Amino acid sequence: MMHIIDRRLNPKGKSLSNRQRFLNRARTQIRKAVNDAITNRKISNTDGGERIKIPSDGLYEPRFTGDAQKGIHDRVMPGNKDFMPGDKINRPPSGGQGQGGHDASEDGEGEDGFQFTLTRDEFLDIFFENMALPDFIKKSIKEEVTHEYSRAGYKRQGSPSNLNLKLTMRNSLARRLCLRRPRTEEIMELEEKITALRNKKTHTIKEQNKIIALLEELEVKKRRRKIVPYIDPLDVRYTSFTEIEKPNTHAVMFCLMDVSGSMGETHKELAKRFFMLLHLFLVRQYTKVDVIFIRHTHLASEVDEETFFHSRETGGTIVSTALEEMQKIIKDRYPPEDWNIYAAQASDGDNLNSDNAHCQQLLTQDILPMCQYFAYVEVWDSHEAEMFPGEGNATRLWQAYEELKLSHQNFALKKVTRPEDIFPVLHDLFAKNKKSEVA
Amino acid sequence: MTTSKTRKKPPSSHKKTTPPIFEGAEWNYEKVDNCFQAIQKIAIDEMGLNVYPTQIEIITSEQMLDAYSSVGMPLMYNHWSFGKSFLRDESNYRKGFSGLAYEIVINSNPCICYIMEENSMTMQTLVMAHAAFGHNHFFKNNHLFKQWTDANAILDYLQFAKNYIAKCEERYGQKEVERILDSAHALRDQGVDKFTRRQKLDVAAIRQRELERHEYEQSQYSELWRTLPETASKDDEEINLIEKSLAQKLGVPESNLLYFLEKHSPVLENWQREILRIVRSMAQYFYPQRQTKMMNEGCACFVHYHIMNRLFDTGQITEGAMLEFIDFHSRVIAQPDFDSQYYTGINPYALGFAMMKDIERICENPTEEDREWFPDFAGNGQAIKTLKEAWENFRDESFILQYLSPHLMREFRLFNLNDDKSRPFYLVNAIHNKQGYIAIRSALAAQYSVASLDLDIQVTNVDLHGNRAMTLTHNITNGVTLDEKQINLVIPHVQRLWGYDVSVKSIEAKTGGTTIGDVLKTHFT
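So the protein sequences, as listed, match chains L and A.
The opening position of the first sequence corresponds to residue 1 in the numbering used here, with each subsequent residue numbered one higher.
The opening position of the second sequence corresponds to residue 1 in the numbering used here, with each subsequent residue numbered one higher.
It cannot be assumed that every hint is accurate.
Unchecked claim - Listed below are several chain A residues computed to face chain L (Cβ distance under 8 Å; list not exhaustive):
hint : residue
1    : 47
2    : 50
3    : 59
4    : 375
5    : 416
6    : 431
7    : 478
Simulated from the structure, these hints should not be mistaken for lab results.
Remember, it's a predicted structure, so these values are computed and weren't measured experimentally.
The C-beta atom is built at its ideal place from N, Cα and C for all residues, glycine as well.
Start from the sequences and build out the full structure, keeping to the hints where you can.
Right, dumping it as structure tokens:
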């Protein structure tokens with residue numbers, strides 16, 4: 001009459017294809033929501049999934065329904081307290097009753113959008129859709145396979161160094177609670193009571209009995225503590241890792257930023273945002289990318305990520321110092337025959353006039369031949385952009401760089417004036433189809 | 001709540017001699033199997049239930065979420081809307097807004113019950129009693145299911161549907177298929193045959209039908225869709241006659257919109273018609289479940305309650321298991337009052353179970369009032385037999401009309417609230433007193449009647465000699481007009497399937513039938 005079938009080992013994710021279909025359908029809305037999400041908050045804070053709320057436009061499943069605000073609705077309800085037939089109950093003002101509905105509005109946009117959580121991967125996938133480091137593999141000389149470990153849940157056996165303390169203790173706590181393991185405090189309390197009673201000089205029979213009873217209780221509890229261990233092998237969990245093969249490619253990304261006095265707060269903010277996004281993108285796409293941060297005023301220095309994004313500095317502006325620093329680092333640590341080298345530079349375009357030619361020379365002769373790709377982003381604040389509209393109004397540095405662009409395919413330059421521009425610019429610079437142009 | 005320990009029972013027959021089948025919360029196959037045998041003994045031998053063979057499938061919570069999102073079916077064609085509901089259910093579940101069901105049962109032969117691996121053994125016992133016997137008996141015996149659904153064929157049909165749609169996607173592209181499915185889904189509620197008999201879901205016959213459809217189209221083609229206006233010279237009366245005979249051929253008025261479009265749409269390809277048919281068949285399959293939700297749950301709850309108590313009486317489950325069961329059971333059948341913050345309408349489990357228990361009470365221990373109201377079965381001492389008759393021959397609406405007792409109306413303290421949106425107040429029409437019983441009973445029955453819940457929308461006219469515009473007519477009941485926002489969204493879908501203009505008219509039925517009311521919305525492509 002009956003069969004039992006264990007379906008637990010069936011392939012998981014039966015809904016995966018439906019989920020993908022849904023995400024595809026909602027792609028445009030999700031993209032917008034993702035972009036909003038990233039401009040409206042700190043970029044560094046992208047760990048974990050992202051709650052996305054999208055308008056239900058195009059995701060709404062319409063049906064013919066009756067209008068809940070019209071007509072006669074006869075209802076039977078339970079739990080009458082003191083109503084009598086013929087009682088009239090005033091309607092709550094302004095239709096408070098019917099407001100909970102999920103009506104679709106005129107333009108097809110649902111009044112309450114559809115909310116769900118994208119996984120971090122889905123989020124970044126959509127965010128960096130169609131972006132890639134151009135020409136990444138071209139120079140990868142050493143393509144060895146390396147092994148990497150990645151997390152793979154928990155298991156019951158493992159090496160002690162992989163012991164998952166949190167999970168183990170949680171299991172242990174639950175087991176101890178269930179099996180009512182006496183706590184140390186309980187035992188100490190009992191012992192204190194017994195010693196207190198014993199220390200009395202004379203004992204009534206009642207007290208003697210009490211001592212016996214307490215001793216017995218203590219005995220039981222102690223035995224119980226022995227039987228129910230604090231940590232049982234059952235509780236122990238180990239973090240599990242699996243080995244994953246990874247092609248080993250060498251790439252380094254140089255981030256160059258002008259932090260001189262001419263860079264106002266808005267400029268810096270824009271530049272930082274650009275680099276943060278870039279950083280996120282790089283880490284996302286290529287886990288094995290080295291990132292070098294160089295900031296410069298009239299002097300350049302290599303700094304760590306934290307200092308690069310967060311510290312303040314003032315001084316003059318000599319762009320070539322940064323390029324020289326980069327050149328030096330390449331020579332010291334990243335021989336171009338072994339490494340794919342990428343660079344991104346952000347500046348407000350101010351430079352010591354006499355230095356522009358030097359920059360040009362440095363780039364053409366040394367840096368650009370070594371680089372896979374060099375991107376220059378010029379940040380203007382919106383005020384400046386209004387004062388000097390159009391392409392004709394360019395800074396000297398821009399002009400110098402623009403000449404380079406004509407002769408070098410692996411060089412790109414863009415201008416950013418508002419936070420909203422950053423993503424499109426980044427997207428342009430690293431758009432996937434760039435690949436073919438460069439190659 | 002009382003356990004059956006308080007019930008009178010023959011003193012000798014139920015001694016607690018057998019050891020309990022299981023102790024503790026962990027389950028394994030042996031325990032599940034033993035339990036099933038014990039339950040079966042009670043269900044079949046004592047209660048005389050008539051069920052399909054059962055297939056129990058153990059699944060994980062993740063798989064339960066999967067099953068949720070594909071309307072509870074083991075296999076389903078792919079569509080983004082199922083992904084949407086999956087995301088919603090998943091997010092609700094993860095945030096703890098809603099728990100997962102403990103089981104899902106499918107009206108098929110064999111009857112498939114999904115049970116979750118994380119249920120305790122007590123829950124597995126309960127779930128088997130509830131689904132594998134309660135729902136199963138209802139599916140196999142209720143006349144609506146017998147008449148409208150085909151338990152033998154549903155799994156094959158689902159497989160067919162899934163494959164067919166996958167094949168269409170391969171051949172015509174996912175986008176094209178999705179467009180048709182979107183439109184068909186929008187008309188799901190209007191894709192149900194309410195008056196004619198079901199057609200068998202026979203996969204073998206489908207191919208044959210496709211051929212016939214082709215022939216039928218050819219035979220209809222010249223008359224329906226010729227491009228030359230031959231009738232130009234004929235006078236109006238003649239046109240009217242032709243229109244009438246054509247209308248007869250088309251079968252208008254037709255309330256099954258999907259059926260009409262499948263058969264008569266001038267723009268659909270054959271595969272598109274088959275997709276409409278698949279959506280329509282699914283809607284039809286679920287139609288009886290909508291009409292019997294309360295009874296079905298009531299039946300399953302009564303069965304599990306009875307079985308669990310009998311297992312306890314005979315010592316086959318422990319007191320601990322019984323307590324766990326009672327705790328769970330009383331939460332399932334809780335009915336919050338209308339003014340409680342938890343009130344979301346009448347709980348079908350609560351009302352269903354209460355009505356079944358009430359019938360049992362009337363059979364075994366009737367009051368004078370019961371004898372007056374239910375002379376047919378009050379005090380007949382055959383509760384199970386009476387209940388089985390009810391489960392077989394009624395649906396929610398008629399069941400309430402027939403069996404809701406004054407006793408239960410008092411217990412639930414039911415009252416009838418009239419909400420006429422044109423008045424500034426609600427009116428209490430009737431309460432649980434002598435003058436109100438009948439009014440409350442009919443009002444509650446109407447609340448469960450699918451006929452009054454579903455909108456009455458029909459294809460009433462197709463302008464064959466003009467612009468081929470289709471007219472849908474909505475017959476207004478109780479003054480409830482169509483939600484205009486929804487119309488604006490649905491009409492384009494109808495247009496996509498019909499290919500020409502579609503308009504919706506609303507008619508106030510009370511004003512005399514034939515007069516056509518305001519045209520609410522006319523859409524032009």
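Hints versus structure:
no.: 1; hint: 47; verdict: violated (15 Å)
no.: 2; hint: 50; verdict: violated (12 Å)
no.: 3; hint: 59; verdict: holds (5 Å)
no.: 4; hint: 375; verdict: violated (25 Å)
no.: 5; hint: 416; verdict: holds (5 Å)
no.: 6; hint: 431; verdict: holds (6 Å)
no.: 7; hint: 478; verdict: holds (4 Å)
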